[in-house]
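Taking the working numbering, the leading residue of the sequence shown gets 4, the next gets one more, and so forth.
Rather than coming from a laboratory, the hints here were simulated on the basis of the structure. Hints are not guaranteed to be accurate.
What follows is a list of derived Cβ distance ranges for each label pair [as the list claims (entries may be wrong)]:
no., residue 1, residue 2, range
1, N40, R91, 13 to 23 angstroms
2, P92, R66, 13 to 23 angstroms
3, T42, V76, 26 to 36 angstroms
4, P50, R91, 27 to 37 angstroms
5, V55, Q79, 24 to 34 angstroms
6, R91, A51, 30 to 40 angstroms
7, D90, P50, 25 to 35 angstroms
8, Q79, R57, 26 to 36 angstroms
9, R91, R57, 29 to 39 angstroms
10, G81, G39, 16 to 26 angstroms
Since this is a predicted model, take the numbers as computed values, not measurements. Beta carbons: idealized from backbone N, C-alpha and C, even for Gly.
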Amino acid sequence: MVRNLLIVIALALTMFGAGRAATAGVIFLGPPWITGNDTGGIIPYSPALEGVYRGMAADYCARWRRLSHVTSVHRQYGDYIGFVCMDRPGVIH
Numbered sequence: 004m005v006r007n008l009l010i011v012i013a014l015a016l017t018m019f020g021a022g023r024a025a026t027a028g029v030i031f032l033g034p035p036w037i038t039g040n041d042t043g044g045i046i047p048y049s050p051a052l053e054g055v056y057r058g059m060a061a062d063y064c065a066r067w068r069r070l071s072h073v074t075s076v077h078r079q080y081g082d083y084i085g086f087v088c089m090d091r092p093g094v095i096h
């Protein structure tokens, strides 16, 4: 139950573009389940992420002042949503 509440809070912050929100003295840098670096990353798939995963990828890439592009979405548990971060549209490092 607590895990579901934390997921809902993280998604709410992401939907409102608050990729970096300070709450109670803790700086929130994004959901801990996103794995990646400045060139891109992956997000574990969940049906709850439908409609918000593009915003999550955009917030993640914004840390490096880059744009995001979702490259793959596998709609099965255990699979991932893949994305890349790029400086300009069409230019991937």
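For P50 and R91, compare the CB-CB distance with the range 27 to 37 angstroms and indicate the outcome. For P50 and R91 the Cβ distance comes to about 33 angstroms; the hint holds.
C-beta pair Q79, R57: status relative to the range 26 to 36 angstroms that was hinted: Given a distance of about 19 angstroms, which is not inside 26 to 36 angstroms, the answer is violated.
So the hint says 16 to 26 angstroms: do the beta-carbon atoms of G81 and G39 match that? Holds: the Cβ-Cβ distance is about 18 angstroms, inside 16 to 26 angstroms.
Using the C-beta atoms of P92 and R66, is the stated range 13 to 23 angstroms upheld? 19 angstroms, holds
Would you say the C-beta atoms of R91 and A51 sit inside 30 to 40 angstroms of each other? 32 angstroms, holds
Range agreement (Cβ of R91 with Cβ of N40, hint 13 to 23 angstroms): For N40 and R91 the Cβ distance comes to about 19 angstroms; the hint holds.
Does the Cβ-Cβ separation between T42 and V76 fall within 26 to 36 angstroms? Once the Cβ atoms are compared, 19 angstroms apart, the range 26 to 36 angstroms for V76 and T42 is violated.
Range first: 24 to 34 angstroms. Now tell me if the beta carbons of V55 and Q79 are that far apart. 18 angstroms, violated
With respect to the beta-carbon atoms only, verify the hint that D90 and P50 lie 25 to 35 angstroms apart. 32 angstroms Cβ-Cβ, so the 25 to 35 angstroms window holds.
In this structure, is the beta-carbon distance linking R91 and R57 contained in 29 to 39 angstroms? About 18 angstroms separates the Cβ atoms of R91 and R57, which means 29 to 39 angstroms is violated.
When the structure is compared with the earlier hints, violations turn up for hints 3, 5, 8 and 9 and for no others.
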